[in-house]
Amino acid sequence: MKRIARSTLQTAANLIFFALIATAVLSSTYYLTRDTIAQSVERAKLKLVMQIAPAELFDNDIMRDKLDIPASELLGTTDTTTAYRARLKGEPSAVVLEAIAPDGYGGNISLILAVRASGELAGVRVVSHKETPGLGDYIELPKGPWIKGFDGKSRAAYKDADWKVKKDGGQFDYMAGATITPRAVVKAVHKALIYFDENRDRLFAETAEEPEGLK
Amino acid sequence: MWSSPFISAPASVSQIMLRVIFAMVPGIAMYVWFFGPAILVSITLASITALATEALMLKLRNRPLKPFLTDNSALLTGWLLALSIPALAPWWLVVVGTAFGIAVAKHLYGGLGNNPFNPAMVGYAVLIISFPAHMTHWLTPHGLEGIVLSFPDQLNYIFHGILPASTTLDALTTATPLDTLKTQLHLGLPVNEIRDMPIYGHLAGKGTEMVAIGFGLGGLYMLYARIISWHTPVIYLGTLFAIAGLFHLVDPASYVAPTFHWFSGAAMLGAFFIFTDPVGGPTTIKGRVIYSAGAALLTWLIRSYGGFPDGVAFAALLMNICVPLIDTWTQPKVFGRKGDGK
Amino acid sequence: MTFQEIKDIFYNAVWKQNPGIVQLLGLCPLLAVSSTVVNGVSLGLATTLVMTVSSGTIAPIRNYIPNEIRIPVFILIIAVLVTVVQYLMNAYMYGLFIVLGIFIPLIVTNCIVLARVEAFASRNAALPSALDGMAMGLGLTAVLGVLGAMREVIGKGTLFSGIDLALGDGAKSWVLHVIPDYHGFLIAILPPGAFIGLGLLIAAHNWFNLRAAARRKAATTESAASASVAA
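Protein chains in written order, with my numbering: chain A, 2 to 216; chain B, 5 to 346; chain C, 133 to 363.
Just chain A, same shape as in the assembly (with noise of 0.2 Å):
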């Protein structure tokens, strides 16, 4: 009996030994790279930001000058995001939104879009997706410029039935065979407008206020 329980103690001891090591060696290499991780992540985000918000919009922080928008029918979120704001001199240039297009072929379509103050479209990018391979992927870069389409377009210069595919009497291009994917991306596109418009002035606040009014 007495053997058992020292052999019992002897190899807990030994295990306890080598999760001891494991974890000095784990969270040694975890604050050693801690620093650089974060930079890589923001180096990530702020590439994205600047593919459709280019580097003269704005001279301000932008990966810091953020606001979280809580989640909207227009934006088609069911969580709360980040906004980042472009500023040029102190002015406010731009705002990058993320917004979801739910009615993609295969499912939600995740999309990044810079809005000028005009209320002009900076650019759109696609984040996530799940479509066709091949058929309805053409939204997203490198595989087509079609979503490159968006570029300088706004509620001011189309009405809101033209932001539609042109098989449906729009303005927007797509590629015969697969019409449900641009559909889906230019809804979400033209909603995303529709909530920039009615949220302007709080979307530009100078002080982090308390998002609450948002709809």
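Please note: incorrect hints may appear among the correct ones.
[To be verified] Okay, derived cross-link-like pairs now, BS3-like style, lysine-lysine, Cα gap no bigger than 27 Å in a straight line: (1) K154(A) <-> K46(A); (2) K46(A) <-> K3(A); (3) K46(A) <-> K304(C); (4) K154(A) <-> K165(A); (5) K168(A) <-> K131(A); (6) K188(A) <-> K46(A); (7) K144(A) <-> K188(A); (8) K304(C) <-> K144(A); (9) K210(B) <-> K167(A); (10) K304(C) <-> K149(A); (11) K167(A) <-> K131(A); (12) K144(A) <-> K167(A); (13) K154(A) <-> K48(A); (14) K349(C) <-> K63(B); (15) K210(B) <-> K168(A); (16) K188(A) <-> K160(A); (17) K90(A) <-> K144(A); (18) K90(A) <-> K131(A); (19) K188(A) <-> K131(A); (20) K48(A) <-> K304(C); (21) K192(A) <-> K168(A).
[As the list claims (entries may be wrong)] Just some of the chain B residues that point at chain A, by a computed CB distance under 8 Å: (22) A137; (23) T140; (24) T177; (25) Q188; (26) H190.
For the record, the hints were derived by calculation from the structure and aren't laboratory data.
Keep in mind it's a predicted model, so treat the numbers as computed, not measured.
Even glycine gets a Cβ: it sits at the ideal position worked out from N, Cα and C.
Given the coordinates of chain A, work out where chains B and C should sit on it, guided by the hints.
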């Protein structure tokens, strides 16, 4: 001089295959009538590719060329594939699909008789996965709005990818009746409103329903000539009718009528020409009943809920996979042994 | 260690018992990340690093690990190494880290890592064990690289696409466009292409072996024949 026995020699593989090909003629005739002669070009292309690939593979495998080349099975594969893809497909699409079907799905598995999967359906699956955009360019049937290309223009597109100026692919082609149904249901339209759209005719899609009837007639000839047994087509079409009918009765706004399923897509082609393929099918009659019913269920499921508009090809491949299992289940017990024969 | 021993370890790992096409271990990452050369080789090298270090660390301490808890301890050590690799890639190869995603942490569950530790490192000295781990990892990397190359050329017509994710933006110009103006044969990039490609590689491996065996047999009968003639 006549002498007994008066029993005709069983038809050779080559003769049977030739009669199967002959039975496709009414369907193809309808195809040409409603969609123009482009399909004849792809059938020719597929035939040449099928025979060339067959010859190449036989040579690589050190097999005699003549008996296998003349058994017409490669030709049948080519024709089935050509009929499954859009007629206005670029030439390389037909060539790649046929060559893949014959080289990989047939010969890498040991050639005729050993291939578990229907080579034409493998070729089709490869094409629809690899080139989904090209596989949606179905010609608009004659008599509908849209431009009809002249035959030289069609050839020019197939071989050079050039359309006449002022014509777009979009104006020439249309989504298939099954595809349109799926898209419109997705947009929330009820079935009866979708059926009023101009591309639909009496039974299913304009033009395509007649092609399906053509293949059905060819199938009846094969039944009459005893080339195929009645089990597969009757069980397949019957099961498809039963499932589709049940759901159509319960919710007619979301599920189309069973006749629509019969006369659209490749259902008729499948019932008589694809699921009847003896190579990839089960060996017993009981097995063939299970096989056909399963194929019908899968066809309906993929059409109603799947990511692709038509489900016949995938149903064929999935049921091909099940054949060894079905054969084990339905193998008759050996006389004199008890239980499962162990 | 003699040169012959080292040669044996490498021949065994890369050809005779190749984890990818002979043992068929670690198929999940093999099939999932081999869509391009860069993805395949990157995950292969990450696995090689983990295998070398885990075999190399476990071998010298093998006599101190009680037999009953050796598997948990092995897995613990492997998991720590994988997590370290994951942190490093997250910090210094962020683009690649995102592309390889879940398959980096999944190296822990790759059977080949534990298999080599259990079969080799727990019975051999440190240096041969580390070499064995490395050789097995390189064998897997080779398969991942070849499969990735096949799938990338056939599927996209390029080679080394995405190399900038591993080596920085400067490497962008290294991408080779093997077939210009290519439509893309999508099935090669998608999961079915991985299975078909792996099948072809296994067939090629078997074909080489059969041919070598046939030649050996021919050579022995020939020498036997000439011997009998001489007699």
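So, going through the hints one by one against the coordinates:
Straight-line distance between C-alpha atoms of K154(A) and K46(A) comes to about 24 Å, which keeps the hinted pair within the 27 Å bound. With a C-alpha separation of about 60 Å, the suggested pairing of K46(A) with K3(A) is violated against the 27 Å cut-off. Taking the CA atoms of K46(A) and K304(C), the gap is about 20 Å. The hint holds against a cut of 27 Å. For the hint linking K154(A) to K165(A), the alpha-carbon distance of about 13 Å falls within 27 Å, and the restraint holds.
Between K168(A) and K131(A) the alpha-carbon distance is near 23 Å, which keeps this suggested pair within the 27 Å criterion. The straight-line distance between the Cα atoms of K188(A) and K46(A) is roughly 25 Å, inside the 27 Å bound, and the hint therefore holds. As the CA atoms of K144(A) and K188(A) are separated by approximately 21 Å, the hinted pair is consistent with the 27 Å bound. With a C-alpha separation of about 17 Å, the suggested pairing of K304(C) with K144(A) holds against the 27 Å cut-off.
Restraint check: the Cα-Cα separation between K210(B) and K167(A) comes to about 25 Å, which is no more than 27 Å; the hinted pair holds. At most 27 Å may separate the alpha-carbon atoms for a hinted pair to count; K304(C) and K149(A) meet this at roughly 22 Å. Distance check on the hinted pair: K167(A) and K131(A) sit about 23 Å apart at the alpha-carbon level, within 27 Å; holds. Taking the CA atoms of K144(A) and K167(A), the gap is about 21 Å. The hint holds against a cut of 27 Å.
A C-alpha spacing of about 22 Å is found between K154(A) and K48(A), which places the hinted pair at or below 27 Å, so the restraint holds. Among the hinted pairs, K349(C) with K63(B) is consistent with the structure: their alpha-carbon atoms are about 25 Å apart, no more than 27 Å. The hinted pair formed by K210(B) and K168(A) meets the criterion: a straight-line CA distance of about 21 Å does not exceed 27 Å. Taking the CA atoms of K188(A) and K160(A), the gap is near 13 Å; set against the 27 Å cutoff, the hint holds.
A threshold of 27 Å between alpha carbons decides the hint, and for K90(A) with K144(A) the separation of about 36 Å lies outside it, so the pair is violated. Note on K90(A) and K131(A): the hinted pairing is violated, with a Cα-Cα distance of about 40 Å set against a maximum of 27 Å. Restraint check: the Cα-Cα separation between K188(A) and K131(A) comes to about 17 Å, which is no more than 27 Å; the hinted pair holds. At roughly 16 Å between alpha-carbon atoms, K48(A) and K304(C) fall within 27 Å of each other, so this suggested pair holds.
Annotation: proposed proximity of K192(A) to K168(A) holds, straight-line Cα distance about 19 Å (limit 27 Å). At a threshold of 8 Å, the smallest CB-CB gap from A137(B) to chain A is about 5 Å, leaving the interface hint in force. With a cut of 8 Å, the hint placing T140(B) at the interface with chain A holds, because the nearest CB-to-CB distance is about 3 Å. Among the interface hints, the one on T177(B) holds; its C-beta lies about 6 Å from the nearest C-beta in chain A, closer than the 8 Å criterion.
With a cut of 8 Å, the hint placing Q188(B) at the interface with chain A is violated, because the nearest CB-to-CB distance is about 11 Å. The beta carbon of H190(B) comes within 6 Å of a beta carbon in chain A, closer than 8 Å, and the hint placing it at the interface holds.
In summary, the structure is inconsistent with hints 2, 17, 18, 25 from the numbered list given earlier, while agreeing with the others.
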